[in-house]
Amino acid sequence: MRKPSFTTLMLIAGLLFLYLPMVILVVYSFNSSRLVTVWAGFSGRWYLELLRDRQILAAVWTSLRIAFFSASMAVCLGTLAAFVMVRFARFRGKTALSSMVTAPLVMPEVITGLSLLLLFVHMAQLVGWPADRGMVTIWIAHTTFCSAYVAVVVASRLREVDLSLEEAALDLGAPPVRTFFQITLPVIAPALAAGWLLAFTLSLDDLVIASFVSGPGATTLPMVVFSSVRMGVSPKINALATLIILAVSLATFIAWYLMRRSEARRRQAMLQDMTAGR
Amino acid sequence: MTNLTVRLRRRLKPGRGWVIAVPLLWLTLFFLLPFGIVLKISLSEAAISIPPYGPIFDYANETLNVIVTFSNYLFLTTDTLYVSAYWGSVKIALLATVLCLALGYPMAYAMARAPARWQLVLLLLVMLPSWTSFLIRVYAWMGILSNNGLVNNLLLWAGWIDSPIRMLNTNFAVILGIVYAYLPFMVLPLYANLTRLDGSLLEAAADLGSRKFNTFLKVTLPLSKGGIIAGSMLVFIPAVGEYVIPELLGGPNTVMIGKVLWEEFFHNRDWPVASALAMVMLAILIVPIALFHRYQSRELEE
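Those protein sequences? They're chains L and X, same order as listed. The first sequence begins at 1 in this note's numbering and counts up one residue at a time. The second sequence begins at 1 in this note's numbering and counts up one residue at a time.
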């Protein structure tokens, strides 16, 4: 056997570093003891307690709804922004737009959260809306930072699209809007799906921004988890973590399977083209 | 830029104003404008009212008075807490970024050199943790590092130590947490950059008798500069303002500006000082953000 190189060893070490803590988290979710660090036998009781916890269940439902609507709106806005940045010639405000798309990717969350809250407070004083903060303000905040991520994902796909298709459609007299919906959109659909999923997980995961812009009416899942975790480790949170890791792993596996299948189909089509003497 | 792009752009000219307006207006209203409001409130006086700050424009006796105060900024310089929090945040973020790069670069390199059928799997494996919950991944370390946690129990059991080492609630735990949480964001741009590296350049270098390490230093490293900058900024900038990690893993000696701002806002309810803290943080981060933007817009447009 060939001796593995230094970088291969680092990759293995890095993956172990990433996954060991998660494995430990999952293992201790089946621990029957309340002390997360002492093993006292296998048990599923924390999952039952989790399912009986009304506060957590209500927060899950709130978070899922916010994430669904934020991701959907972010895909619309992000796709428009990506289209403008990739397809349109220079115009006044293009630099401003592209900075406003890249800056949210790195902006510390405390700054984004604080600034949006102050905006909402001002708007409430000036125009009387939003009268009280809650799901709608969280939705606006999440849509704003998620659309930046969507724009980056979609833009990188848009750059690879074969322009001659769009050109042909326009040549044949299709108006630009129709060309976009019938030609461009189907081609970039996988990127839209990826962007939507990314935005969905980002919105589900956000604690800091939501804490700033939320009101008494809306408590999201990260807020409940955070207030519980601050008190110390709790096996119920381990059970919740296990379910989240399971869901994300399943979704990733399905995505991988679909990508591999379309890859295989593309390779087969290419082989056929080649054997047909092209 | 190809001819086709230019032609296409001309075709798209009519009616494009509307397409531009929607994202531009949304982001201006909900991203740019809020910074102006933060600036405004950082220049106002704290007041016991709802909302807890005084007005900047005061219309009385038919004259418009503008009340601007720099006292909040001056206040930041008088209390050493704030200065040491900024300094501490930058130091911790810098150290975590360097460690992330040291671990992430070889990982990305190995991924880019892996057989094609493995690359997608490896990429998904590296990114998957970042799609689960950030909060829960930080929480995982609480159980591992605590005084009666896994690491201490193992060390005690092996007989290497007599009493638990304090690891949780230290700066070490905070740096470890940042490296752990942000590692995928370091690897992703590095991998994207290194896969595009032209293999024939490396071959040419080898043909001309360059040693492997020399080739790496003179060819691979300079060509991956963009990826290094992007990855480092994706770690460094959010890490400076990090709140969750110092709150959960940090201890009394960990003063980071994100946590100070949070406490100033939620516990002391001093909105003007919190705003001033945010403005100064933004001023510190503006150069790294501009650096990141330059790299990212090159990625987006070319």
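A few of these clues could be false.
Stated by the list, open to error - So, partial list: chain L residues that the calculated Cβ filter (under 7 angstroms) puts toward chain X:
| # | residue |
| --- | --- |
| 1 | Val23 |
| 2 | Val26 |
| 3 | Gln55 |
| 4 | Leu57 |
| 5 | Ala58 |
| 6 | Val60 |
| 7 | Ser99 |
| 8 | Val110 |
| 9 | Ser115 |
| 10 | Met123 |
| 11 | Ile183 |
| 12 | Leu207 |
| 13 | Met223 |
| 14 | Ser227 |
| 15 | Thr252 |
Stated by the list, open to error - Here are the simulated DSSO-like cross-link-like pairs (lysine-lysine), alpha carbons at most 30 angstroms apart as the crow flies:
| # | chain 1 | residue 1 | chain 2 | residue 2 |
| --- | --- | --- | --- | --- |
| 16 | X | Lys225 | X | Lys91 |
| 17 | L | Lys3 | X | Lys40 |
| 18 | X | Lys91 | L | Lys94 |
| 19 | X | Lys91 | L | Lys3 |
| 20 | X | Lys212 | X | Lys225 |
| 21 | X | Lys40 | L | Lys94 |
Said to hold, decoys possible - Residues of chain X clear of chain L, computed beta-carbon distances all greater than 10 angstroms:
| # | residue |
| --- | --- |
| 22 | Arg7 |
| 23 | Val22 |
| 24 | Ala206 |
| 25 | Leu285 |
What the hints contain is simulated information worked out from the structure, not anything from laboratory work. Backbone N, C-alpha and C define an ideal beta-carbon position, used for all residues, glycine too.
Outcome of the hint check:
1. Val23: Nearest chain X Cβ about 9 angstroms off; hint violated.
2. Val26: Because about 10 angstroms separates Val26(L) from the closest Cβ in chain X, which is outside the 7 angstroms limit, the hint is violated.
3. Gln55: 16 angstroms, violated
4. Leu57: 17 angstroms, violated
5. Ala58: 18 angstroms, violated
6. Val60: Violated: closest Cβ of chain X sits about 12 angstroms from Val60(L), beyond 7 angstroms.
7. Ser99: 6 angstroms, holds
8. Val110: Cβ of Val110(L) sits 5 angstroms from chain X, so the hint holds.
9. Ser115: Nearest chain X Cβ about 3 angstroms off; hint holds.
10. Met123: 9 angstroms, violated
11. Ile183: Check failed: Cβ of Ile183(L) comes no nearer than 12 angstroms to chain X, outside 7 angstroms.
12. Leu207: With a minimum Cβ separation of about 6 angstroms from chain X (threshold 7 angstroms), the hint on Leu207(L) holds.
13. Met223: Violated: closest Cβ of chain X sits about 10 angstroms from Met223(L), beyond 7 angstroms.
14. Ser227: At 11 angstroms from the nearest chain X Cβ, Ser227(L) fails the 7 angstroms test, so the hint is violated.
15. Thr252: 5 angstroms, holds
16. Lys225(X) <-> Lys91(X): 22 angstroms, holds
17. Lys3(L) <-> Lys40(X): 62 angstroms, violated
18. Lys91(X) <-> Lys94(L): With a Cα-Cα distance of about 35 angstroms, the restraint between Lys91(X) and Lys94(L) is violated, given a limit of 30 angstroms.
19. Lys91(X) <-> Lys3(L): 38 angstroms, violated
20. Lys212(X) <-> Lys225(X): 19 angstroms, holds
21. Lys40(X) <-> Lys94(L): Between Lys40(X) and Lys94(L) the Cα gap is close to 26 angstroms, so the pair holds against 30 angstroms.
22. Arg7: Check fails; 7 angstroms does not lie beyond 10 angstroms.
23. Val22: 5 angstroms, violated
24. Ala206: Non-interface label stands for Ala206(X): nearest chain L Cβ at 15 angstroms, farther than 10 angstroms.
25. Leu285: Given that some Cβ of chain L is not farther than 10 angstroms from that of Leu285(X), nearest at about 7 angstroms, it is violated.
Hint compliance for this structure: hints 1, 2, 3, 4, 5, 6, 10, 11, 13, 14, 17, 18, 19, 22, 23, 25 are not met, and every other hint is.
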